[in-house]
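**Student:** Protein chains in written order, with the numbering used here: chain A, 1 to 261; chain B, 1 to 353.
In short, the hints are calculated from the structure, not lab data.
Don't take each hint at face value.
Stated by the list, open to error - Among chain A residues calculated to face chain B with C-beta under 7 Å, some are: (1) 40; (2) 41; (3) 44; (4) 47; (5) 170; (6) 183.
Predicted, not measured: the structure shown is a model, and the values here were computed from it.
Think of the CB as a built atom: it goes at the ideal place given N, C-alpha and C, for glycine as much as any other residue.
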Amino acid sequence: MRDRLIFTAQLLFTLLVAAFLVVPVVLSISAGVTVNYFRGISSGVTLQWVFQVFDLYADTILLSFLIAFATLAVTLLVGVPAAYALHVRGGLLSRIVEEIITLPLAIPGLAIALALLISYGGFGGFRRSWLFILVGHVVFTMPFMVRSVMAVFSTIDIKTLDEGAASLGAPPWRRFLDIIVPNAMPGILAGALMVVTLSLGEFNLTWMLHTPLTKTLPVGLADSYASMRLEVASAYTLIFFIMIVPLLVAMQFFADRGQKA
Amino acid sequence: MNAIVGHGASVHIEACAKTFADGTLALAPATLDIARGETLVLLGPSGCGKTTMLRIIAGLEQPDAGGRVLFDGVDITAVPIEQRNVGMVFQSYALFPNMSVAENIGYGLKIRGVARAERAARVAELVALTNITGLEDRRIDQLSGGQRQRVALARAVAIRPGILLLDEPLTALDAALRDRLRGELNRLLRSLGITTIYVTHDQAEAMELGDRIVVMRKGAIVQIGTPREIYFKPQSRFVAEFVGAANIVEAPVADGRLMLPGGVLPLAEGDTHPAAVAMIRPETIAIVAAEGAALTGTIDSISFIGDRQRVIVGGASDKPLTIDAPNTVAVTIGDRVGLSVAPDAIRLLPEHD
Ligand SMILES: Nc1ncnc2c1ncn2[C@@H]1O[C@H](COP(=O)(O)OP(=O)(O)OP(=O)(O)O)[C@@H](O)[C@H]1O
Ligand SMILES: [Mg+2]
């Protein structure tokens, strides 16, 4: 009897918390398809705001994905070998490098952006291109990739596996591709998931670094909240959701499969 | 079966020492020759530098300046492991979890650019040789310890290595399996006829597998010899006690006899030190009638082991003597017995160490 009571209370609490989190999402999305938010859903359902967002902000959506996947590519190409090198070398120097890579986690995005602007703001072409934002995103997401790959390395004896492959005649690059990468896959996938998610949703740093021609989705969203009808901004959120949720589900799916393999 | 591997290379190690970055001297300068086709066992307690020596031969560790490693007379000290054509079995096996059993065994051949069909044939040959038929498509985490050990061996042998290096390949297994695989491994290594260097801290393994045994202690080689030489003619107290059971007796010598508290034991001709540390193996002491015996003592304890009985006799020597007697000898605790030892079964050792 007492157990039942405790269970019911826990269930209620969980549902309440979930509702607290879900309700704003539902409201926001529904606002995006209402004719007039202040009159409520009774004013009618429409897709006009969604189309308007597409007209105004289609390029920000494209740019966001471009930057997210470019960030992923860079963090993979640099982060995975870096994680391997840091793990194998060990020692004080590796610890220091690891800490430096991790630093952007603790530093506010605004500060990173400011530093980038002070250092490279003078290079006009670079400053105006989306590559400038890419650099910011890489700095910000790199620790997630490096850390999650290193976490896998610490659970398997990667050094001995590498030596095993070497004894069979494999040169270093071959060992990296045949042995290191496949065995680090769970960490790489988990890292990739974080990198893409963080890059797509990143606002602080991007807001500082963007130009009118290099807006990403979250920056565009802020823009529309500030200058458009609430319905437009909500429709924007809706689009964000529709694009990112399937992507995340797909990546999670692959990450899980990688984990099992 | 002669096509499985060639006869391999000869190995010459010259003045190879190893000091690690933290200052640990893991290996004092060691010089060693290993003949083509020979099985050499590196034997010694934990931390004595066996793995370090093996890794220097493999190319996973560089010797300190001045050390050289030669395969078939060619200096390969600076050649990385992937170009040395050595087969290596690691203590943890180092099997690739991302590959099936067959892919593991075939990996070295794939690296060498061997065509798929030829590779498959070679893998099948090794699967049969190492008795793992039916497991080819398994993942590594679906194998038992003994099966992993076989896959690791098959993988190392598949590349027709010049030298096969094994670092305690049986240590991770339980005792019964270890005994069985030891015999199997012995037959396999003999049939392959390949130059093999085998690291172990288990003297029974060393005896069974080695053509010669290198006994190591604290980073130094203390004795090199055939299993019989190491067992019957240890050159130090350390070797005598590390390899097999040994009674170490400290006593003065007079008239070519060992003067013990319980009597005397005649020594072989030429053993004329004034005082001695002597080794007597338990199985070389015979229990005889007390009357007329040159050495007598009292039975302290008897443990029946099955194929023999272990008898502890007090009062004969400075310390109680351990005797392995046939299981048919009738003895009782408290009996006064005579002991006899053939003179050439008593081995005098240097006092020190
Ligand atoms: N990378 C290293 N850095 C510092 N010291 C090391 C390193 N590897 C081994 N040592 C030290 O060198 C000595 C010899 O080690 P080694 O691994 O060769 O011993 P071993 O005879 O194989 O022992 P075991 O039977 O326990 O495997 C030990 O004292 C060990 O602590
Ligand atoms: Mg070792």
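**Student:** Hints numbered earlier in the text: which of these fail when held up against the supplied structure?
**Tutor:** Going through the list in order, the structure violates hints 1, 2, 3 and 4 and respects the others.
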